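Please build the complete structure, drawing on both the sequences and the hints.
Residue numbers (this note's numbering), protein chains in the order written: chain A, 20 to 399; chain B, 3 to 165.
Heads up, a few of these hints could be off.
[As the list claims (entries may be wrong)] Below, a list of computed lysine-lysine pairs in the DSS-like style, where the Cα atoms sit at most 27 Å apart:
| id | chain 1 | residue 1 | chain 2 | residue 2 |
| --- | --- | --- | --- | --- |
| 1 | A | Lys312 | B | Lys139 |
| 2 | A | Lys369 | B | Lys157 |
| 3 | B | Lys154 | A | Lys355 |
| 4 | A | Lys254 | A | Lys173 |
| 5 | B | Lys31 | A | Lys371 |
| 6 | A | Lys369 | B | Lys31 |
| 7 | A | Lys355 | B | Lys157 |
| 8 | B | Lys158 | A | Lys369 |
| 9 | A | Lys369 | B | Lys139 |
| 10 | B | Lys35 | A | Lys355 |
| 11 | A | Lys369 | B | Lys144 |
| 12 | B | Lys158 | A | Lys371 |
| 13 | B | Lys158 | A | Lys355 |
| 14 | B | Lys119 | A | Lys369 |
| 15 | B | Lys108 | A | Lys371 |
| 16 | A | Lys344 | B | Lys139 |
| 17 | B | Lys154 | A | Lys369 |
| 18 | B | Lys154 | B | Lys144 |
| 19 | A | Lys359 | B | Lys154 |
| 20 | B | Lys35 | A | Lys369 |
| 21 | B | Lys157 | A | Lys371 |
| 22 | B | Lys163 | B | Lys144 |
| 23 | B | Lys119 | A | Lys371 |
| 24 | B | Lys119 | B | Lys157 |
| 25 | A | Lys371 | B | Lys144 |
| 26 | A | Lys359 | B | Lys35 |
| 27 | A | Lys371 | B | Lys154 |
| 28 | B | Lys108 | B | Lys119 |
[Unchecked claim] Not close to chain A: a few residues of chain B, all C-beta gaps over 10 Å, as computed:
| id | residue |
| --- | --- |
| 29 | Arg45 |
| 30 | Arg63 |
| 31 | Ala128 |
| 32 | Ser149 |
| 33 | Gly150 |
[To be verified] Anything over 12 Å on all C-beta distances counts as not near chain A; from chain B, calculated:
| id | residue |
| --- | --- |
| 34 | Ala11 |
| 35 | Leu23 |
| 36 | Gly24 |
| 37 | Arg27 |
| 38 | Lys35 |
| 39 | Thr39 |
| 40 | Asp58 |
If you are wondering where the hints come from, they were derived from the structure by calculation, not from laboratory data. This structure is a prediction, so every number in the text was calculated from the model and none was measured. No residue lacks a Cβ here, since even glycine has one placed at the ideal position from N, Cα and C.
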Amino acid sequence: MPTLRIENLGQIREANLDFGDLTVLVGPQATGKSIALQLLKLMVDAGQVQEEMSRYGLDWSGSLPDFMDAYFGEGMHSIWNGEKSRVHWDDELMNLQQIAKRKRKPKAENLFFIPAQRVLALRDGWPRPFTDYTPGDPFAVREFSEKLRGLVEKEFSGESLFPQERRLKKAFRDLLERDVFSKYALKVDKVRSQKRLVLGTGQEGENLPYMVWSAGQREFVPLLLGFYWLMPPTKVSRRGEIEWVVLEELEMGLHPRAISVVLLLVFELLERGYRVCLSTHSSQVLDALWALKHLRENGASPNELLDVFEAPKSMYALAETVMTKTQKVYYFERSKGVAKDITDLDPNSKEKSESGWGGLSEFSGRANEAVARAVANSNK
Amino acid sequence: MGFKEAVEATPNLQGKWIAGLGALRREDKPHVKPEDTTTTRLRGSVYIDRALQAQDPHGNRWDFAIGYQHTNRSDEFIYWVETHTGSDSQISVMLRKLDWLKAWLKGDGKELAKFDKLYVWAPSGATSFTKGATQVKILATKGLHYSGSVFKIPKKHAIAKRN
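Right, dumping it as C-alpha cells:
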C-alpha cells in the first residue's frame, strides 16, 4: 500500500496516509486535505510537474518558496516550515528543497488531478488554456483546465459531448440523462467563429449557453470531461500511464442522485485499475463506503450494492469488482492538526471522530437529539 | 421532590435507589459517561428492569433511570437509558420498550414523570445504522435519542432552566 507521511506542513501537524484502491479524506475547511492531495501529485509526478511548469514559462530559479507558490498557489510558500516540515513518500524521506532545486528527469504523468475549483476551467463555455490563469493560481487547476482544452479541441471537434456513444457505457449514459442532464444534450456550438459548449434540446436554435446553465450543470460538465479524459474511447482501459486519480469534493453543486452517479463513475475508474483518492464534505460518500465495507465483509451479492445506488443489473460486473477493492478513510482534525484513520466507519465507535464520520453526521445527531428531547417532554 | 425522593415514592422502587451510577450493571457502565465526573451532580440511579421484574415479568421493561443535576438548571433531570442491542431488527423492540415506559410513567411512575427527561438508547454490541440514519430519525420522532455506543451526560444541558 503506498504511503505518504506528512509532518508540519501548513495546517497538518501529522498525517500518516496509507492509500487503498479508494482513499477518502474528510474534515472541516482548511485542515490540509487539499495540501495533502496536491503533495501526493507532486510525489508521484515531480518530473512531469517541473516539466509542465517550465513549458508554460514558470521559473522558480531553484527557490523552494517560489516553487511552492507556483505549484500550490500564491502565498502557499508559508506552509513549508523549514526543518520542521518533513515528507516521506513510501517511507523515503523526500527533500522538497532538492525537488525545487534540481530538475528531475521528465517522465510520463501518473496522476490525474480533478481540483475542487474545476468550475473555473470553463470560461464562457470553453476550457481555458494553462496560460489563461495568473501565475499565482494553483498548478492543479491550471493543468486540469489545459487537459480539458486539449480533450475538447482534439477529441470532440463538432461532436455531441453528451450523450456520446463512444465514451460511457449505456447504463451510465442513461443514469446521467435521468439524474443530471434531463432532456438536454451537451454539444459544441459556434457563434461566428467562436466555439463554445452549450446544452441543447435538439430543436434548432434552442441552445442554452454556459451562463444560463444551472450551478450543478456548471460543476458537472468539467467533471464529466475529466471522466472522459480518464476513459478513452479505445480498447485500453486507462489513459497513458495514469495510475492515480485525485478527485476533490465530487459532490459540489450536485443533488444526491447525481452524487450517486458520480460515485458509480468513480467505481468505473476503480474497475479500470485506477487508484482513486477523494476528498469530500458529503456524508453520502461515507454512507456509500460504509455500505461497501459491510457488504464486502458479509459476502453480500453485488446486487445489494447496485440496490444502494438504484443502478441497473447490467452494472453487476462493476459492482462485483468494486467489492474486491480496498478502501481507506481519513479524518483531518482541526484542533490537533492530525489525520485520523477512521476506515472502520463504526457508528458505534467510542471515538467521536469515527462514529460521527469526521463531523459529517454530527449535525444529524444533534438534530435527532433535539427532536427526541422535544417529543419526550411535550405535553401533547 | 428530588430524584431520590421520587424513586422512593414510586411503587416497587422503594429501596432500589443507588448512589451515582451504582444501579448500572458492570457491562452497562461503559455505555454511560458523565462529562463531569468530579462532582456529585449524579443524583443516583435505579435498575428499573430488575426492580419491576416480579410485578411485570412479560413487559418490555426499560433498563435504567439516572438522575442528574446540570450546572445550568435548577431542576434535576432524568436520563432514561436502555442498552439493548443495536440493530435494525431491534428498532421495533425499542419502540415497544418505549411504549411500556411511557405507559408506566403514566401510572406507577407518575412521580418520576414529573421530571424533564431524555430517553436514550446507548446500544451494546454492534450497531447496524448510523447516527444520521432514517431509523434514528424515526426513533427521535417517538422521543427516543439514539446516542451510539456511549451516551455522554453533558455538564450543561442544551436547554438552561431556572425556576
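Is the straight-line distance between the alpha-carbon of Lys369(A) and that of Lys157(B) 27 Å or less?
This hinted pair holds, its Cα atoms lying about 19 Å apart.
Minimum Cβ separation between Gly24(B) and chain A greater than 12 Å?
Holds, because the least Cβ-Cβ distance between Gly24(B) and chain A comes to about 22 Å, which exceeds 12 Å.
For Ala128(B), is the shortest CB-to-CB distance to chain A above 10 Å, so the non-interface label stands?
violated, 6 Å
For the pair supplied as a hint, Lys254(A) and Lys173(A), confirm whether the alpha-carbon distance does not exceed 27 Å.
holds, 19 Å
Given the hinted pair Lys154(B) and Lys144(B), is their alpha-carbon gap at most 27 Å?
Roughly 21 Å separates the two Cα atoms, so the pair holds.
Given the proposed pairing of Lys158(B) with Lys369(A), does the C-alpha separation stay at or below 27 Å?
Since the Cα atoms of Lys158(B) and Lys369(A) sit roughly 21 Å apart, the hinted pair holds (cutoff 27 Å).
Would you mind confirming whether the straight-line C-alpha gap from Lys119(B) to Lys371(A) stays at or under 27 Å?
Given that 27 Å is the threshold and the Cα spacing comes to 24 Å, the pair holds.
Going by Cβ atoms, does Ala11(B) stay more than 12 Å from chain A at every point?
holds, 21 Å
Lys154(B) and Lys369(A): Cα distance at most 27 Å?
Measuring from Cα to Cα gives roughly 10 Å; hence the hint holds.
Check whether the Cα positions of Lys371(A) and Lys154(B) lie no farther apart than 27 Å.
With a Cα-Cα distance of about 11 Å, the restraint between Lys371(A) and Lys154(B) holds, given a limit of 27 Å.
Please verify whether Lys369(A) and Lys139(B) have alpha carbons no more than 27 Å apart.
holds, 21 Å
Going straight from one Cα to the other, do Lys163(B) and Lys144(B) come out at no more than 27 Å?
Within the cut-off at roughly 23 Å; holds.
In summary, the numbered hints that this structure violates are 15, 16, 31, 32, 33, 38.
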